[in-house]
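Chains U and L, in that order, are what the protein sequence lines are. Residues in the first sequence are numbered consecutively from 4, following this note's numbering. Residues in the second sequence are numbered consecutively from 538, following this note's numbering.
Hints are computed from structural coordinates only; laboratory data are not their basis. Careful: at least some of the hints might be erroneous.
Derived BS3-like pairs: lysine-lysine, alpha-carbon spacing no greater than 30 Å straight-line [stated by the list, open to error]: (1) L/Lys-614 x U/Lys-47; (2) U/Lys-47 x U/Lys-74; (3) U/Lys-86 x U/Lys-14; (4) L/Lys-597 x U/Lys-47; (5) L/Lys-589 x U/Lys-47; (6) L/Lys-637 x U/Lys-14.
Just so you have them, the derived chain U footprint on chain L, three or more residues with Cβ under 8 Å [unchecked claim]: (7) 578 to 584; (8) 591 to 598; (9) 617 to 630.
Quick reminder that beta carbons are idealized off the backbone N, C-alpha and C, glycines included.
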Amino acid sequence: EAGVAQSPRYKIIEKRQSVAFWCNPISGHATLYWYQQILGQGPKLLIQFQNNGVVDDSQLPKDRFSAERLKGVDSTLKIQPAKLEDSAVYLCASSLRPDAQETQYFGPGTRLLVL
Amino acid sequence: GDSVTQMEGPVTLSEEAFLTINCTYTATGYPSLFWYVQYPGEGLQLLLKATKADDKGSNKGFEATYRKETTSFHLEKGSVQVSDSAVYFCALSDKIIFGKGTRLHILP
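Produce the entire structure from the sequences given, and follow the hints as far as they go.
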């Protein structure tokens, strides 16, 4: 079974530029998560989708971050414009259901450096 | 609000030593509790979980017991190996919250 796929793996941009990350979850997983992991910290949930609907985006900085999962499968996370403090690893995860006890399966992450 | 507190690392042990990584939480509801592990160069993966009080999760020789009375979910292993060197994250859900992670180094 293929795991969660993410691209690109690395990205370097200058501040005020835009960047987009892509995620393809495990086939059949209805729930998709985007996390931001700053160096030395644990992952912080940015947004959770159930199929193509948003379940929780309370920690998404909506003035610059946006995410979509239009067909309920793959998803894109965008930052526009980027700030220095956005340098982090962006993790995508998926689970079969949104239940609290469900295991999340993580992708390899996209490492973003904003200069 | 809900939160997770893990012991700070790095933790350095010799092979075959006993391991404890402390994790305590605050939550308003009845969350499930998880330990995730990140091996060098790899993505996060589930190590074990417990979904209700007094449940014990176990995997690969690691164990953790969901203690509601002490709001804890400490990770233990009786005899660590060099291959256990990784970063360990305690996490809880309903609100999905991860601890800061504890880096573990095992010396041969």
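Hint check, failures only: Violated hint (a single one): 8; every other hint is consistent with the structure.
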